[in-house]
Amino acid sequence: MLLSGCSVLGGEPDPISPPAVSDGGSAARTATEDPALSASCTAFWGDPDYADPLSRVVLDRAGTAPHAGPSDPHFYTMTGDDIDGVFEGAPAGLREDASTLSDWFRTEPERGDAADLDGFRAAWEAVAGGCRDVSAAALWATGPGEDGTKPAALVCADVFDTPGTLTHFANANVLTSNMFKLVGRTAQQVPADRREDVQATDDLLAAEIAAVDDDAVRSALELVRTPFQDALAGEPWSEGLQSPLTELGAACDAAGYSAPEPGDQEDGAVVGASAALQHSTEAQPSTEAQPSTEAQHGTDPDHGGRS
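Numbering (the numbering used here), first residue to last: 1 to 307.
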């Protein structure tokens, strides 16, 4: 009995009781137990480097669909084919959810402004739900996670390269480009009629600051947030985001994410690390980053958002 008590209090763990595992351990076990699930989800969401995942292309295409879909429905149909290809070997339930998402691109873009964007969001969230156990990006796409646990590379991707289709901007522009419209890349006056967007963007940045797991990225995001806080406090003039985004880019590079220069723009939209056409069946063979479909189709940078 004495020996037994010692083993419980300070000796070897009871071999009958398995040790507790964290959520990360659970995700790792899931990936090991179902490599097909892991492979499909990684290909779609881009973990762990988020350099150019298909999920970002999907958001870009959905963001441009209401404007450009009727004139080029075949372009969007190919996105459905890409989705089906990525999830071809996935478990049946996830494959079915992915099929709903791919079918959206075959039916809705040609309807233009009447495209069912709520249906897109529902299908997107279903795919995210099916991947959340093996993908941090999918986990955070389904809702806020625990503060201080969002990978810095994912935060950097969301700021520099992820289209704002499902944010308050509701367009295919990346966050940096949308922020330029509010507080400028260089010094400018903050549009007085866009206070609602300024507040929503401040809220979005505050959430990323709380979520990120890297102190340097967190500090740089605070600098990016400053002009929005100043504007909400009544300051009508912004010094712009060039310097804060340079700081953030350096922090992201150190965290393992190659951030674009904040001055790299194409037709009013920031061209980041994403190559939106790379996954298309008509993709050019060049390895250089292509402009977003927004630039390809001539979409107004503010189309679909508040202006």
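No lab work stands behind these hints, which were simulated from the structure alone. A quick note: this is a predicted structure, and the numbers were derived from the prediction, not measured. Be aware that a few hints might be false.
What the hints assert, rightly or not - Cβ pair distances, simulated, as ranges:
hint	residue 1	residue 2	range
1	P91	D215	21 to 29 Å
2	D49	W237	35 to 43 Å
3	L223	D103	17 to 25 Å
4	P191	P91	41 to 49 Å
5	D49	T142	19 to 27 Å
6	H168	P236	19 to 27 Å
7	D72	E146	40 to 48 Å
8	D116	H168	29 to 37 Å
9	A92	A207	15 to 23 Å
The C-beta atom is built at its ideal place from N, Cα and C for all residues, glycine as well.
Evaluated hints:
Look at P91 against D215: about 38 Å separates their beta carbons, and that is not inside 21 to 29 Å. Evaluation of the 35 to 43 Å hint for D49 and W237 yields a pass: the beta carbon distance comes to about 38 Å. Between L223 and D103 the C-beta distance comes to about 43 Å, which lies outside the given range of 17 to 25 Å. The given range of 41 to 49 Å is respected by P191 and P91, whose C-beta atoms sit roughly 47 Å from each other.
Taking 19 to 27 Å as the suggested C-beta distance range, the pair D49 and T142 conforms, at roughly 21 Å. Separation of H168 from P236 is about 21 Å and conforms to the stated range, judged on CB atoms against 19 to 27 Å. Between D72 and E146 the Cβ separation comes to about 42 Å, which falls inside the hinted range of 40 to 48 Å. The hinted range of 29 to 37 Å is not satisfied by D116 and H168, whose Cβ atoms lie roughly 19 Å apart.
Between A92 and A207 the Cβ separation comes to about 34 Å, which falls outside the hinted range of 15 to 23 Å.
Of the hints listed earlier, those the structure fails to meet are numbers 1, 3, 8, 9, in rising order.
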